[in-house]
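Chain A is already provided as a structure; the job is to place chain B on it using the hints.
Protein chains in written order, with the numbering used here: chain A, 1 to 124; chain B, 125 to 248.
Incorrect hints may have been included.
[Claimed, not checked] If the Cβ cut is set under 8 Å, some of the chain A residues that face chain B in the computed set are:
1) Val50
2) Leu53
3) Asn55
4) Thr71
5) Ala85
6) Cys114
7) Ile115
8) Pro119
[To be verified] Partner residues aside, some chain A positions facing chain B, computed with beta carbon under 10 Å:
9) Arg17
10) Thr48
11) Cys52
12) Ala63
13) Pro67
14) Asp98
15) Ala116
[To be verified] Taking lysine to any residue pairs in the SDA-like style, the calculated list, with each CA pair at most 20 Å apart, reads:
16) A:Lys112 / B:Glu151
17) A:Lys112 / A:Pro67
18) A:Lys112 / B:Arg142
19) B:Lys236 / A:Asp57
Everything labelled a hint here was simulated from the structure, so no lab data went into it. Predicted model, so just to flag it, every value in this text is computed and none were measured. Every residue, glycine too, gets a C-beta built ideally from N, C-alpha and C.
Protein chains: 2
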Amino acid sequence: MTEDPPQIECLVCTSCRRGLAVSEGEERPGSVLRRRLAAMTLEGVRVTGVECLSNCDHGCTLALRGPGRWTYVYGRLDETADLAAIGDGIARYRATTDGLVPWRERPEHFRKNCIARIPPLEIA
Amino acid sequence: MTEDPPQIECLVCTSCRRGLAVSEGEERPGSVLRRRLAAMTLEGVRVTGVECLSNCDHGCTLALRGPGRWTYVYGRLDETADLAAIGDGIARYRATTDGLVPWRERPEHFRKNCIARIPPLEIA
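Chain A extracted, bound-state conformation (with noise of 0.2 Å):
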């Protein structure tokens, strides 16, 4: 019997506009990407809704962390177009033990796209 990998944490910016005009009482793009994400019901992954990553200017923007790996940010995210490559992103992230996916197995828009990562507290 094999464990499966730890629960990882995919926190999502649901405040994010995507440089669009969004009228007031429509759903944000980040908030329909927190949703769909959501709805993917991804294996060991509790997706979590965040008010602002700043990263106001590159968004949609997504964080994946976990217990000793390193934290990703990923922007410029579409909310439609997107979701497949980050679903893909993110159960490669999840099957690493310290989130390190080399970078030519990300999907491309991982590959194009990372904002900032930081690495876990046990570095320190």
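What follows is chain B alone, placed relative to chain A:
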């Protein structure tokens, strides 16, 4: 007796060339930044070098983090001109309990060059 604020970490990307052509063997701007920040011996701050924070197009880069705090990533730092502002911004971050320094109270460079922020583990 009042208790000192807890220790925080300042992670500095040491591999950053800040867009410059750095000769082999020459110290990189990111490494200079780490060295100079460490030499400032900021109270309650541990300065840690990290190889690549993946903000290469907008370096030099540092990340501030601590238990129960929001993590903030700042970019476009100059290892000479921005040292005083960085020291000020770090002190203000440390003086909070949650890492949230009101926008108006941040040094101008921090206001204009926040790359991303990530919530503390506790929110998820």
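Consistency of the hints with the structure:
no., hint, result
1, Val50, "holds, 5 Å"
2, Leu53, "holds, 6 Å"
3, Asn55, "holds, 5 Å"
4, Thr71, "holds, 6 Å"
5, Ala85, "violated, 18 Å"
6, Cys114, "holds, 5 Å"
7, Ile115, "holds, 5 Å"
8, Pro119, "holds, 5 Å"
9, Arg17, "violated, 17 Å"
10, Thr48, "holds, 5 Å"
11, Cys52, "holds, 7 Å"
12, Ala63, "holds, 5 Å"
13, Pro67, "holds, 9 Å"
14, Asp98, "violated, 14 Å"
15, Ala116, "holds, 5 Å"
16, A:Lys112 / B:Glu151, "violated, 27 Å"
17, A:Lys112 / A:Pro67, "violated, 25 Å"
18, A:Lys112 / B:Arg142, "holds, 19 Å"
19, B:Lys236 / A:Asp57, "holds, 11 Å"
Of the numbered hints stated above, those contradicted by the structure are hints 5, 9, 14, 16 and 17, listed in ascending order.
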